[in-house]
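S.K.: As a plain string of letters, each chain reads:
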Amino acid sequence: MENKEKDKLASVIEKGMNRQLLYYLDICTRCSICKDACHQYVSTGDVLYLPAYRAELIRRVYKKYFTTTGKFLPSIVEGMEVDEKLLDDLYQATYACTGCRRCMYYCPFSIDTTWFLGVAKAMLLAAGRECKILGELAAASISKGENIDMFKDLIIDMLKDTEKELQEKVGDPKAILPIDKEGAEMLYVALAGTHTILPAAVIFHEAKASWSLSMFEASNYGYFLGDAKQAKAIAQRIIDEADRLKVKELVISECGHAYKVMKFLYEAWSKKKMPYKVTGIVELMARYIKEGKIKIKEGSAKEAVTYHDPCQVGRNAGFYEEPRYIVKLAAKDYREMTPNREKNWCCGGGGGLVAEPDMEDLRIKTGAKKVEQIKATKAKTVVTPCENCRLQLGDLNEKYEMDIKIVSMMDFVVEAMPLPAAKSE
Amino acid sequence: MNWFSFLAAGVLVYIALAVFILGLAYKAYKWFKVPKSSVRLGLFPKPQGGGNRALKMVKDNFLFPQVLDVDKWMWFFVILLHLGGVVAFVGHLRLFQEFTFIANPLGEEGMNQFSFITGGTVGIVLIVAITYLLIRRFKSPYKDLSIPEDYFLLVLILLIVLMGNHLRFFGDVHVTEYREYIHSLLAFKPAFPEELAASATRWSLTTHVLLTNILLIYFPFSKLVHFIGSFAGNMIRSD
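As given, the protein sequences belong to chains B and U, one line each in that order.
The working numbering puts the first residue of the first sequence at 4, with every later residue one more than the last.
The working numbering puts the first residue of the second sequence at 6, with every later residue one more than the last.
Chain B on its own, in the form it takes in the complex:
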């Protein structure tokens, strides 16, 4: 690698600098408390996955180029130039990270490793070494946003069958699946496929909510890729749609990072205030149940049920009690995992890992902690309100032969609702 290229890549750190990151660069003592917090380090023993080491890769380059100590005494801080080996290590250390931030919880200084990942991904992008699959997925999302008129009829057509299923399920031949409905109160942003559309439609229909289905999927591969520009463009599609339909509220489906993107990141990327109220579907379901807008047959789930706290729903968004309220209501036998809530183990599939084929082996291997936790509850059903977690837990169920059911929160709720279709069975 030429020196000019090295300097260019190192300068990415300086460009991405902010006060939070600078604190984290300066204060880490490499005490390694975080090693026992990370499911990837714990199940592989590979130092590359030790949270402080992932950060240290960036720190060593930073020290070499931008600090007094690094300039005068590079060897005492192991100041490092950017080279091929570093980029390889960075790729594995950053694109493997699920962003669960369990390390931040245990760090005595609360160092947030995801800030380092942000810089590392920016450096990999500058070097043309980013995760290609995530790049393609992000580009596809952006292209869909640019050509939505072309897709519109196709989407409406595709959802005709789903609408029929809805009508059967709620026993109302006039039930509709509203798309592109101007003046709706809420814009519901689902995921690719219909599995998060149908149950949501049932819930909204029963709650007599004024809503419209977004033509875009909630997931944001630009965010996983680490490209703020693309991530913003992907989020912007939804905001533009909401503007056009004049809705008041964005309801985000069962997707951990999608909620985080809209609730916490959009404003920073766009430098604009988020014009809509952002609500997670779990929060909304709990509200509907409390207000009596939808009904749950209490204790109708007979087999033992446990709840998995998705990192982006719990630790990183604060919904611990709402999902538990719902699950405990419908489940006859509810069992808590240990540890849970802010100490819960990551499932191992977050951060876009379920979309990265080269991470599959690692993902299955590092799900061991989660498997252990689930097995200890002896529950037959795991409910979780995050697509990444659901897919990962599904794979773990198969690979570790757990023989349990992995159910999304909405499916679990719909199953427990006293619907006409269920009555006739």
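Derived from the structure by calculation, the hints contain no laboratory data.
Even glycine gets a Cβ: it sits at the ideal position worked out from N, Cα and C.
Just to be clear, a hint being listed does not mean it is correct.
Every beta carbon over 12 Å from chain B, so not counted as near; a handful from chain U, in silico [claimed, not checked]: (1) 44; (2) 68; (3) 97; (4) 103; (5) 109; (6) 158; (7) 174; (8) 183; (9) 205; (10) 212; (11) 231; (12) 243.
Quick list of the computed label-pair ranges, beta carbon to beta carbon [unchecked claim]: (13) B:339 to U:232: 35 to 43 Å; (14) B:324 to U:118: 50 to 58 Å; (15) U:98 to B:290: 54 to 62 Å; (16) B:273 to U:31: 32 to 40 Å; (17) U:122 to B:339: 44 to 52 Å; (18) B:339 to U:87: 32 to 40 Å; (19) B:378 to U:126: 42 to 50 Å; (20) B:181 to U:57: 38 to 46 Å; (21) B:339 to U:94: 38 to 46 Å; (22) B:71 to U:87: 22 to 30 Å; (23) U:33 to B:290: 38 to 46 Å; (24) B:159 to U:50: 35 to 43 Å; (25) B:7 to U:7: 50 to 58 Å.
Assemble the complex: chain B is given as a structure, and chain U must be docked to it using the hints.
M.R.: Below, chain U alone, put in the same frame as chain B:
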């Protein structure tokens, strides 16, 4: 004072203190010069209100209770190291002025005994804690993560404590002489009192002070800035 002591335990003390204070101030200035990202990514559950946030920050900063979940020994020795450091620092203040509120009821002899027991205990506790932290870093994965600075700082602090212990347990000079030396520094006329200058103990003292000066000079440029930065880090935890 010979010329070496005059430099190492005299002139350098002023330089070290200046570098330490100005260096930390410069560090803080550099932190505040960089704009804070507007993204608020605190961990949930978040304490509500500024007061609760500050309270949680103080608790996290001084007790880091979550560490007890994952590594009890590390928690224990880190607490020993820091607590030992604080007690040692406070103990040294006696060399500026006698702690009359203890010395008056105890009497001079009693005070010296009290000082010997507390200071001596802390000196040994610190050696145990530092040794644990140092040995830990020679094992994987700590070894793979550690950089030379980590060992350098631990060895440096270990040597400072060893020299201090040597003064306490083997030195033939006592509090009055040390106090005279400190007062000479305060008067900007660094000098060892006669009894100290005549004793071999002066070498331990000079080394003790010299190494401390090196620590103070390196402090603002090292990971030791967590001394002030940890407060900010733990505050951002609830951002």
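S.K.: Could you let me know if the closest chain B CB is still more than 12 Å away from the CB of residue 68 of chain U?
M.R.: violated, 9 Å
S.K.: Is it correct that the beta-carbon of residue 205 of chain U has no partner in chain B closer than or equal to 12 Å?
M.R.: About 33 Å separates residue 205 of chain U from the closest Cβ of chain B, which puts it past 12 Å; holds.
S.K.: Would you assess whether residue 97 of chain U, listed as outside the interface, keeps its beta-carbon beyond 12 Å of every beta-carbon in chain B?
M.R.: It holds; residue 97 of chain U is separated from chain B by about 24 Å at its closest Cβ, greater than 12 Å.
S.K.: For the hint 32 to 40 Å, verify it against the beta carbon of residue 339 of chain B and that of residue 87 of chain U.
M.R.: Cβ of residue 339 of chain B to Cβ of residue 87 of chain U: about 35 Å, so the range 32 to 40 Å holds.
S.K.: Just double-check residue 212 of chain U for me: nearest Cβ-Cβ distance to chain B has to come out over 12 Å.
M.R.: holds, 21 Å
S.K.: May I ask you to test the hint 38 to 46 Å on the CB atoms belonging to residue 33 of chain U and residue 290 of chain B?
M.R.: Holds, since residue 33 of chain U and residue 290 of chain B (Cβ atoms, about 45 Å apart) stay within the stated range.
S.K.: Checking a non-interface call: every C-beta of chain B should be farther than 12 Å from the C-beta of residue 243 of chain U. Is that right?
M.R.: violated, 9 Å
S.K.: Please check whether residue 378 of chain B and residue 126 of chain U have a Cβ separation lying inside 42 to 50 Å.
M.R.: For residue 126 of chain U against residue 378 of chain B, whose Cβ atoms are near 48 Å apart, the range 42 to 50 Å holds.
S.K.: A cut-off of 12 Å on Cβ-Cβ distance, and residue 183 of chain U was said to be off the interface with chain B. Does that hold?
M.R.: Given a closest Cβ separation of 31 Å, the condition holds.
S.K.: Go ahead and decide if the range 22 to 30 Å is satisfied by the Cβ distance of residue 71 of chain B to residue 87 of chain U.
M.R.: Roughly 26 Å apart at Cβ, these two residues keep to the hinted range, so it holds.
S.K.: With respect to the beta-carbon atoms only, verify the hint that residue 273 of chain B and residue 31 of chain U lie 32 to 40 Å apart.
M.R.: Holds - the Cβ-Cβ distance for residue 273 of chain B and residue 31 of chain U, about 35 Å, lies within 32 to 40 Å.
S.K.: Within 44 to 52 Å or not, the Cβ separation of residue 122 of chain U and residue 339 of chain B?
M.R.: Check passed, 49 Å falls within 44 to 52 Å.
Hints 1, 2, 6, 11 and 12 from the earlier list are contradicted by this structure; the remaining hints agree with it.
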